[in-house]
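Starting from the two chains in their separate frames, assemble the complex, guided by the hints.
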Amino acid sequence: MSDSEKWGWWTLGVVVLTIAAYAAFVAFLKHGPATSAVFALLALTALPASSRRYFTGRRFDERESAIANKALLAGFRAFWVAFVGLTVAIGFIKGWDATLSVPVWTLMETLWWAVVLVLGVQALTTILLYRGESHA
Amino acid sequence: MPSPEPEIKNHIRRLRFDHGEMTQDQLAKQAGVTRHTIMALEAGKYFPSLLLAFRIARVFGALVEQVFEYQVIPDPAETLRP
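Here the protein sequences come in this chain order: A and B. Everything in the first sequence is counted per this note's numbering, starting at 1 for the first residue and increasing by one. Everything in the second sequence is counted per this note's numbering, starting at 137 for the first residue and increasing by one.
Note that these hints are calculated values from the structure, not bench results. Possibly wrong hints are sitting among the right ones.
No farther apart than 30 Å at their CA atoms in a straight line, the calculated lysine-lysine pairs in the DSS-like style are these [stated by the list, open to error]:
| no. | chain 1 | residue 1 | chain 2 | residue 2 |
| --- | --- | --- | --- | --- |
| 1 | B | K165 | B | K145 |
| 2 | A | K70 | B | K145 |
| 3 | A | K70 | A | K30 |
| 4 | B | K165 | A | K70 |
| 5 | B | K181 | B | K145 |
| 6 | A | K6 | B | K181 |
| 7 | B | K181 | B | K165 |
| 8 | A | K6 | A | K70 |
| 9 | A | K6 | B | K165 |
| 10 | B | K181 | A | K70 |
Since this is a predicted model, take the numbers as computed values, not measurements.
Isolated chain B (complex conformation) (with noise of 0.2 Å):
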């Protein structure tokens, strides 16, 4: 059976609000990556890699973990299981 799928969320969209309403153009050229890469990592359809992680966090003067939040799904029938 696999193992339960990881998921990473993050608060990007939140936090650019949250700094004056920061673009994603803005953010995306603080952190080093295209615009397109920030709305992919808002949509939920591109993991950062640790470095980059670290960059759009430092963009934020937040940790990591407030911009990302590694959760885990868990497996229905483990959940069931006595």
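Pulled out of the complex, with its shape left as it was, chain A reads as follows (with noise of 0.2 Å):
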């Protein structure tokens, strides 16, 4: 298993891991302040998945560099059309003139999902195309 293909493994899992703490904690706590600490988690995707590129400090070859641009731009992709449809969809429900008020936690934790379906699909595409699919 190439280094990258590792790094989406660690990826993959950490963000799974997230989801699955913050539903936990969701089902015991309710929103708020406390659940949004599960967040805190996604800093694990920093530590490196392979001792051997960090302490080699060995650079991508061009496939590896090819695959994490796609997935990369598969990520922002996933993230803008998100974000335009919870825009859309916020200005449909409350009306586009509505005055919205929420906690900071909640602007918080909107932020923290767009990170998590960013490195989600990222890591996921990064797994896809180590599996075999055909890329120039």
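What follows is the structure, given as structure tokens:
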């Protein structure tokens, strides 16, 4: 398994763990600042999934770079679709002239979910591209 | 109607064999890529950049055309046309 693929699995694992922990916290604590703290788990994605790449400083080759670029693009595409969908949905549901008043933790959670989405799609795309899909 | 899909075939596996049964790892190191990239190339799942194609050809001391072969699969509809 290549280093990038390991990164994909590691990141996907962290994302799944975060979502599971969030669901468990919501069940016991309801929504709120304590529940939002679960997103600190995402910091685990900063840890190197491959110590070899980390310590040797080996760079991507051209195929790995192409896959990394495609995966990142897929992540941001997903984010963009979600962002536009959410914005338009709020406009239709609440009315275009409505004023929204939300707690700070809600705003923070929205941003965290965006990070979860981007990382999740990026990791999944990386894994799928390494799983034999033909790419130039 | 979509144009016929071009295919780039390569003879890396055979060339490795001809060069003292060079391993994928050895070729990867000499070409400056990972073994996984060589595996993907041999399986026809990845088409290399021109730079990498030249690097691989250089490892074998061959021309790029001797390593990679460009083939256009003819469209059956085109061949049947009078």
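Taking the hints in turn, this is what the structure says about them:
1. B:K165 with B:K145: 22 Å, holds
2. A:K70 with B:K145: 24 Å, holds
3. A:K70 with A:K30: With Cα atoms ~37 Å apart, K70 (chain A) and K30 (chain A) exceed 30 Å; violated.
4. B:K165 with A:K70: 25 Å, holds
5. B:K181 with B:K145: 10 Å, holds
6. A:K6 with B:K181: 20 Å, holds
7. B:K181 with B:K165: With a Cα-Cα distance of about 20 Å, the restraint between K181 (chain B) and K165 (chain B) holds, given a limit of 30 Å.
8. A:K6 with A:K70: 17 Å, holds
9. A:K6 with B:K165: Judged against 30 Å, a Cα distance of about 20 Å means the pair holds.
10. B:K181 with A:K70: 16 Å, holds
Checked against the numbered hints above, the structure breaks only hint 3 and satisfies the rest.
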